[in-house]
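Student: Chains as they are written, first to last, in the numbering used here: chain A, 65 to 176; chain B, 4 to 117.
Just to be clear, a hint being listed does not mean it is correct.
Capping the alpha-carbon separation at 25 Å, the derived lysine to any residue pairs in SDA-like fashion look like this [unchecked claim]: (1) K108/A <-> Q9/B; (2) K108/A <-> D34/B; (3) K121/A <-> K71/B; (4) K121/A <-> T48/B; (5) K109/B <-> D120/A; (6) K73/A <-> P103/A; (7) K78/A <-> M91/A; (8) K8/B <-> V124/A; (9) K108/A <-> G19/B; (10) K57/B <-> A162/A; (11) K108/A <-> S54/B; (12) K74/B <-> E45/B; (13) K71/B <-> P43/B; (14) K8/B <-> G163/A; (15) K41/B <-> P125/A; (16) K108/A <-> E45/B; (17) K57/B <-> V124/A; (18) K108/A <-> R20/B; (19) K71/B <-> Y42/B; (20) K73/A <-> A44/B; (21) K109/B <-> K78/A; (22) K78/A <-> H93/A; (23) K59/B <-> P117/B; (24) K41/B <-> K78/A; (25) K108/A <-> A88/A; (26) K41/B <-> T71/A; (27) K121/A <-> L144/A; (28) K108/A <-> I51/B; (29) K73/A <-> I56/B; (30) K73/A <-> Y42/B; (31) K73/A <-> K74/B; (32) K108/A <-> T29/B; (33) K59/B <-> S88/B; (34) K121/A <-> D102/A; (35) K8/B <-> Q86/A; (36) K78/A <-> P125/A; (37) K71/B <-> S31/B.
If you're looking for bench data, these hints aren't it; they were derived computationally from the structure.
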Amino acid sequence: NAGVTQTPKFRILKIGQSMTLQCAQDMNHNYMYWYRQDPGMGLKLIYYSVGAGITDKGEVPNGYNVSRSTTEDFPLRLELAAPSQTSVYFCASLGQGAGEQYFGPGTRLTVT
Amino acid sequence: DQQVKQNSPSLSVQEGRISILNCDYTNSMFDYFLWYKKYPAEGPTFLISISSIKDKNEDGRFTVFLNKSAKHLSLHIVPSQPGDSAVYFCAASDSGGGADGLTFGKGTHLIIQP
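Chain A with its partners taken away, still in its complex shape (with noise of 0.2 Å):
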């Protein structure tokens, strides 16, 4: 098993560019996770799905936005990238909806 899977590792984007992360899992979880982490900062949830077709919100969702359409699945998008958003971003999963979630290796995010 690959666990938790994220592409690319790195990426500088400019302001008002757009792009997906990628997040692939293949231990067949429904739940699936993005997180945020700034420097010297804990993790925060920005979305968060419990099933393919089904998204929700977290504490930070202004400026992404994801879908689900597979159980494998959960890319994240930024469609008019801000400085603020210059961010480590988590991927993670969950197994039966109780327990340890998976984390992926991170996405290191920069726009300028």
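With chain A held as given, fit chain B onto it using these hints.
Tutor: Chain B in isolation, oriented as in the chain A frame:
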């Protein structure tokens, strides 16, 4: 307003001694707590968890204690080893297991001195 607080940004402990990392929370609806360990340029990895119906959970060198009345939990690592040097995050959930996502503290950087 921070609901999960780790008030020590860093902690230095000698190899072989006990490391104690602390975490406080303000939301009385939290019922499930986890500790994650994170190395630079990697994602967090799960260490240990505890449900609010317990006051202690042990897994090898790691023990988590929960004091609900004080809204406080701590992670004990005995004995501390060089590979334990990392950032440790305390996380909490009010959805009975984390299904709706986790609330994280800012982390404590643990440094194990040889």
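Student: If a hint holds in the structure, say so; if it doesn't, say that too.
Tutor: Here is how each hint holds up against the structure:
The hinted pair formed by K108/A and Q9/B meets the criterion: a straight-line CA distance of about 15 Å does not exceed 25 Å. The hinted pair formed by K108/A and D34/B meets the criterion: a straight-line CA distance of about 19 Å does not exceed 25 Å. For the suggested pair K121/A and K71/B, the alpha carbons sit about 28 Å apart, so the restraint of at most 25 Å is broken. With a CA separation close to 24 Å, the supplied pair K121/A and T48/B stays within the 25 Å bound.
A distance of roughly 24 Å separates the Cα atoms of K109/B and D120/A; the hinted pair therefore holds under the 25 Å criterion. A C-alpha spacing of about 17 Å is found between K73/A and P103/A, which places the hinted pair at or below 25 Å, so the restraint holds. The straight-line distance between the Cα atoms of K78/A and M91/A is roughly 35 Å, outside the 25 Å bound, and the hint therefore fails. Between K8/B and V124/A the CA atoms are separated by roughly 18 Å; this keeps the pair inside 25 Å, and the hint holds.
For the hint linking K108/A to G19/B, the alpha-carbon distance of about 34 Å lies beyond 25 Å, and the restraint is violated. Annotation: proposed proximity of K57/B to A162/A holds, straight-line Cα distance about 16 Å (limit 25 Å). For a cut-off of 25 Å, the pair hint linking K108/A to S54/B stands: about 21 Å separates their Cα positions. With a CA separation close to 30 Å, the supplied pair K74/B and E45/B exceeds the 25 Å bound.
Of the pairs offered as hints, the one joining K71/B and P43/B is violated, with about 32 Å between alpha carbons and a cut-off of 25 Å exceeded. The suggested pairing of K8/B with G163/A holds, with an alpha-carbon distance near 21 Å, which does not exceed 25 Å. In summary, the hint linking K41/B to P125/A is supported, as the alpha carbons are separated by about 24 Å, within the 25 Å threshold. For the proposed pair K108/A and E45/B, the alpha carbon gap of about 17 Å is at most 25 Å, so the pair holds.
Straight-line distance between C-alpha atoms of K57/B and V124/A comes to about 31 Å, which puts the hinted pair past the 25 Å bound. The straight-line distance between the Cα atoms of K108/A and R20/B is roughly 32 Å, outside the 25 Å bound, and the hint therefore fails. With a C-alpha separation of about 29 Å, the suggested pairing of K71/B with Y42/B is violated against the 25 Å cut-off. Taken as a hint, the K73/A and A44/B pair is honoured in the structure, with Cα atoms around 10 Å apart against an allowance of 25 Å.
The hinted pair formed by K109/B and K78/A fails the criterion: a straight-line CA distance of about 28 Å is larger than 25 Å. Of the supplied pair hints, the one linking K78/A and H93/A is violated, its CA atoms being roughly 34 Å apart against a limit of 25 Å. Taking the CA atoms of K59/B and P117/B, the gap is near 29 Å; set against the 25 Å cutoff, the hint is violated. Simply put, K41/B and K78/A have alpha-carbon atoms about 29 Å apart, too far for the 25 Å limit, and the pair is violated.
For the suggested pair K108/A and A88/A, the alpha carbons sit about 20 Å apart, so the restraint of at most 25 Å is met. Annotation: proposed proximity of K41/B to T71/A holds, straight-line Cα distance about 19 Å (limit 25 Å). Annotation: proposed proximity of K121/A to L144/A holds, straight-line Cα distance about 18 Å (limit 25 Å). The suggested pairing of K108/A with I51/B holds, with an alpha-carbon distance near 20 Å, which does not exceed 25 Å.
Of the pairs offered as hints, the one joining K73/A and I56/B is violated, with about 39 Å between alpha carbons and a cut-off of 25 Å exceeded. A hinted pair counts as satisfied when its Cα atoms are at most 25 Å apart, and K73/A with Y42/B qualifies at roughly 16 Å. Distance check on the hinted pair: K73/A and K74/B sit about 37 Å apart at the alpha-carbon level, beyond 25 Å; violated. Taking the CA atoms of K108/A and T29/B, the gap is about 17 Å. The hint holds against a cut of 25 Å.
Simply put, K59/B and S88/B have alpha-carbon atoms about 23 Å apart, close enough for the 25 Å limit, and the pair holds. For the hint linking K121/A to D102/A, the alpha-carbon distance of about 19 Å falls within 25 Å, and the restraint holds. A C-alpha spacing of about 31 Å is found between K8/B and Q86/A, which places the hinted pair above 25 Å, so the restraint is violated. In summary, the hint linking K78/A to P125/A is supported, as the alpha carbons are separated by about 20 Å, within the 25 Å threshold.
For the given pair, K71/B sits about 9 Å from S31/B by alpha-carbon distance, which is consistent with the 25 Å threshold.
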